[in-house]
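J.: Sequence:
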Amino acid sequence: MATEMRVLLSAKEYVLVILTLTLVPIVLVELFGVSQMRAAIPEFQTDPNMPQLEDWLVGILFAFLIIGVRFALTAVFKPLGRMVLSPTKRNKEDRVERFATVLFKFTFFAAITVAGFFVMRDEKWFPAVLGGKGEIREAYLTLHDAPSFALKYYFLVQLGYHFHSLLFMVFFSPIR
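With the first letter of the sequence shown counted as 1, position 49 gets the number 41 in my numbering; the numbers rise by one all the way through.
If you are wondering where the hints come from, they were derived from the structure by calculation, not from laboratory data. Note that beta-carbon positions come from the ideal geometry of N, C-alpha and C, so glycine has one too. Incorrect hints may appear among the rest.
To be verified - Mimicking EDC-like on lysine to aspartate or glutamate, the simulated pairs with C-alpha atoms at most 16 Å apart in a straight line are: (1) K70 - E46; (2) K144 - D114; (3) K144 - E115; (4) K125 - D114; (5) K70 - D47; (6) K144 - E46; (7) K70 - E89; (8) K116 - E127; (9) K116 - D86; (10) K144 - D39; (11) K125 - E115; (12) K144 - E85.
As the list claims (entries may be wrong) - Label-pair distances were calculated between CB atoms; the ranges are: (13) V106 - E5: 32 to 40 Å; (14) K4 - K125: 22 to 30 Å; (15) K97 - V26: 23 to 31 Å; (16) G25 - F101: 28 to 36 Å; (17) T38 - S2: 49 to 57 Å; (18) S2 - A120: 50 to 58 Å; (19) W117 - A31: 34 to 42 Å; (20) G108 - R87: 25 to 33 Å; (21) G108 - L53: 17 to 25 Å.
Generate coordinates for the entire structure from the input sequences, incorporating the hints supplied.
T.: Structure below.
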C-alpha cells in the first residue's frame, strides 16, 4: 500500500512561491531587453571592458562568498548578542540569531556605503553635493562608456548581496 504525501503550505508560503514564480519571467524579459540594447549599441560588442552577461557568474560567486562571511560573522556576533540583549531575550535563540543577522546587515551596508563613496567619487557623473567631482547630467551622457573596473565590481558585489539574500531566505531561513 502506497502512502500519499501531501505538501501543505500556509498562505504566506503560497505568496512567496507566487512571487518567486513571478520573478522568473520578469528577469527573463529584462535579460531579453538588455540583449536587444546591447545588439543595437556597437560599443557593447567592441569594447571588452563593457559589462558582459558572463559577469553575472562573478556576482553569483560574490553571493556564495557573502553567505560564507555571513555565517562566520553570525558566529562571532551571537556571543555579543548574548551579552548585550536583555536577560529575557538572550535566552531565546531566535532573538540572538536576529541580533546577529541585523548586526551582519549593518556591517555589510556600512562597509558597502563607504566603499561605494570611494569607488564613485571620481566618476564624472558623481555630483559635487555628494562629495564627487562631476555633474549628475553626465550620467545620461556616458551610457556608451565602459564603467571603471572598481565600479563594475562594486555593482557585482551588490548583485552578489541581493542574490545571497534570495538564497539565504530560500535555503536557510525558517518561514515565520
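J.: In ascending order, which of the hints set out earlier in this document are inconsistent with the structure?
T.: 1, 5, 9, 12, 14 and 19
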